[in-house]
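Engineer: Which chain is which? The protein sequence lines are X and A, in order. FYI, in our numbering the residues of the first sequence are 1 to 240. FYI, in our numbering the residues of the second sequence are 1 to 553.
These are calculated hints, taken from the structure and not from any lab test. Just so it is clear, CB atoms sit at the ideal spot from N, CA and C, and this is done for glycine as well. Mixed in with the good hints, there may be bad ones.
As the list claims (entries may be wrong) - 25 Å max Cα-Cα, derived SDA-like pairs, lysine to any residue:
id, chain 1, residue 1, chain 2, residue 2
1, A, K547, X, S8
2, X, K125, A, S312
3, X, K113, A, S312
4, X, K15, A, L548
5, A, K281, X, S133
6, A, K401, A, I470
7, X, K16, A, L548
Said to hold, decoys possible - Facing chain A, from chain X, some residues (calculated, C-beta under 8 Å):
id, residue
8, S83
9, I93
10, M97
11, F98
12, I107
13, R110
14, N128
15, E197
16, I199
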Amino acid sequence: MIQINNISKSYIKGKKSVDSLSLEIKDGEIFGFLGPNGAGKTTTIRMMTGILNIDEGDILIDGKSIKNEPLEAKKRFGFVPDSPDMFLRLKGIEYLMFMADIYDVDISKRKEKIETLTKKFDIYKELNNQIQSYSHGMRQKIVICGALLAEPKNWILDEPMTGLDPKSSYDLKEMMREHSKSGKCVFFSTHVLEVAEKICDRVGIINKGKLVFVGTFEEMKQKFKEQASLEKLFLEITEE
Amino acid sequence: MGKVLRLTKIFLKNSFSDMNDKMGVSTKSKSRVLIYGLLFIYFAGIIIFFGYNLLDGLIEIHQESIFIGMILFMIFGLVAFQTIFSSINVLYFTKDNEYLLPLPLKPYQIILARTNVILLIEYIIVFLVGLVPLTMYGILTSASFIYYVIMTISVILIPILPVLLINIIVMFIMSFARLTKNRNRFQIIAYIIILIISVGISVSMSGTKESMSNEEMAQLIVQANGMIELIKGYIPTVDYLAEALTTNSALVSTMQILKTIVITIASFIVYLLIAQKLYFKGLVGNLFGGGAKSSNKEISQKEFRNNKLYKSYIGKEFKELARNPIFLMQCLLPSILIPILMTVIFITGINSESEETGNLTQMIQEIKIDTFVVSAVILGIIQFFTMFIYISITSISREGKNAIFIKYIPVTLYKQYIYKIIPNLIMYSITVIISLSIIQYLLHLPVLILLLIFIVSMIMGGLQSILMLIVDLKRPKLNWDSEYAVAKQNLNLIFPMLLSMINIGIIIGLVFLLNNMSAIIGLILVGVIYGILIAVANKYLYKNQEKLASNIM
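Work out the full structure: start from the sequences and follow the hints.
Structural biologist: Have a look at this one:
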């Protein structure tokens, strides 16, 4: 479970990039975080993961505060950042083993877990090559594999579908569903409204640092014009 | 032309901007000016010190014009040497190349803008290496105002031809798809070739000394003239500019400068014509050719082993350093090569003056090795060798945008800082061991003193590693367009040098204070002082681990 309690963040004095944002993502839920460019999605995610300090408020991951018990909180989520260009000089397998060492993945499970994940994403045969030789989509896949290796209870994914081919995108969505069905939680940001509509139990829409809507798509339709397309609803919510 | 200037401006901004600029926080202002100022004073001081001795000697025998030739030669050499590195990186390995190609720009505009960037990088060093001694020449020879005007024009003109020449050579080599298929290997091979050439030049020049007899001075003059003659064949403007600067006739000066300008413009036109044919061939090959070998090997069982975190983390740091040609060349190799290189130059220097070898052996035997002075000199030499270890000072910046990784994994920042420091310390220890082995071969120090020097040096290395990490944390350069920007065009790199200078200052101070003290007590005292400093630095790092990472976002 992820609880975001009234958080704010300013890069420039007097201008809040995220303003008094509160959210609760329950166990067993897939939560989509939507918003236009520069709305504060990545800033929120970076505060959730401890990359950015929180000016006001707090974030709890399974009850552990990212502010006060950062290590305990960090052990409880797997994170996929928005850019997959990381550790390019390492081989795929070296990166995954490094992640396994960091998250203390049991040696008996490593081989099986790595094989399952990488075969699912069709990058198993590439594991002996340096990540720099991977395409953008393959890099995205290896980063996702690294984040999921330790079987974290909470998934925090920043634009995870970017660059994925249709099959991998489908597989990831399936994995998200399986994960939430087993009583765990998925929080991800996306620009693709259709993806959010298809798999999210609830969505949150952020605009200019403020949370302007939280709920299911049905609730969104009820609150605004019932017959309008998803795209129109989104534009209406974010256009003030 | 407007587009070329705008492109140049953007390229420069891309190369030199850092994260803080992007976040809208200005770090330029005073501290940056201060650092540049200190750096300028430091190098200008060294150049004046050595240049003055030489020029003074030459004025005595009325051969001061040779000095101009030598300076021009030096500028040419330095520009050529520097351009080999900057040219490959600016022309081929900057990240914006991929975005640049689809833009509606004419090939010559891209080439001109790239060339401008390389030239501007060179001007920074040329102004220092050229203007300082040439101004000193003007003052010591009471030159007229015209001299200074010609001097300024010369300094602007002289780097152009070597830059164009090296660019063409680089473009020619890079146009071979075969070579660009593995750009990593290409860079390493190029680096080794350049290194061999530079050692060769250093060895051949190592016979020159500060104090010279008339006979030796005459020999040096012949050598210097020989060098200029050699360059003249390739770069005629060196000779024209030398004449323009040394003649008393304003007409001759003007004519020579005009000749140089005409030749430079003509060369630029020829360069553009050739570059348009060569550059894009290599660029496309480099962008879309394979960066690394692809392997279809099965993953061996050995890969699935359980590692301790520290081993895994430090291993990762070393892999990233060794597999990236620029980091390998700038961060890893210098710690091994610099002490060896210096020793080769030193030993060939001695051997070339065979009659002096006996004197040196005799001198070494006469040295009282158990005095603190000797140990202090050795510590100073080690400081000199270790100022080029750039692992710690680039440990955060090297990660670029991926530096945020350290903040979201469940490992304390302090632990990660220590893992990032250890590679610096390991390479530092290699430099110390190589240096001490050579010193031991020459001096035969008592084992206890040798051991103490090693321990004290390592404590100093620990301090360097921690302080440089703190500097990089406070001033990270994360938004770079090529690794070259981190390992070369990074202002932070002067900090290891500054620290070594301060350390040498402290050692000299202690020598004066502890003149008659034995080596053992002196070394223990230095060890204690640096031990305290390391404890303070470590405590600061531990206490401020979160705050120090606040610039990584």
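Engineer: Are the hints correct? Go through all of them and say.
Structural biologist: Consistency of the hints with the structure:
1. A/K547 with X/S8: Since the Cα atoms of A/K547 and X/S8 sit roughly 18 Å apart, the hinted pair holds (cutoff 25 Å).
2. X/K125 with A/S312: Holds, at roughly 23 Å.
3. X/K113 with A/S312: Within the cut-off at roughly 19 Å; holds.
4. X/K15 with A/L548: Given pair X/K15, A/L548 holds - Cα atoms ~23 Å apart, limit 25 Å.
5. A/K281 with X/S133: holds, 21 Å
6. A/K401 with A/I470: holds, 18 Å
7. X/K16 with A/L548: Given pair X/K16, A/L548 holds - Cα atoms ~23 Å apart, limit 25 Å.
8. S83: For X/S83, the interface hint holds, since the closest Cβ of chain A sits about 6 Å away, which is under 8 Å.
9. I93: This interface hint holds because 5 Å falls under the 8 Å limit.
10. M97: holds, 6 Å
11. F98: holds, 5 Å
12. I107: For X/I107, the interface hint holds, since the closest Cβ of chain A sits about 4 Å away, which is under 8 Å.
13. R110: holds, 5 Å
14. N128: holds, 5 Å
15. E197: violated, 29 Å
16. I199: violated, 24 Å
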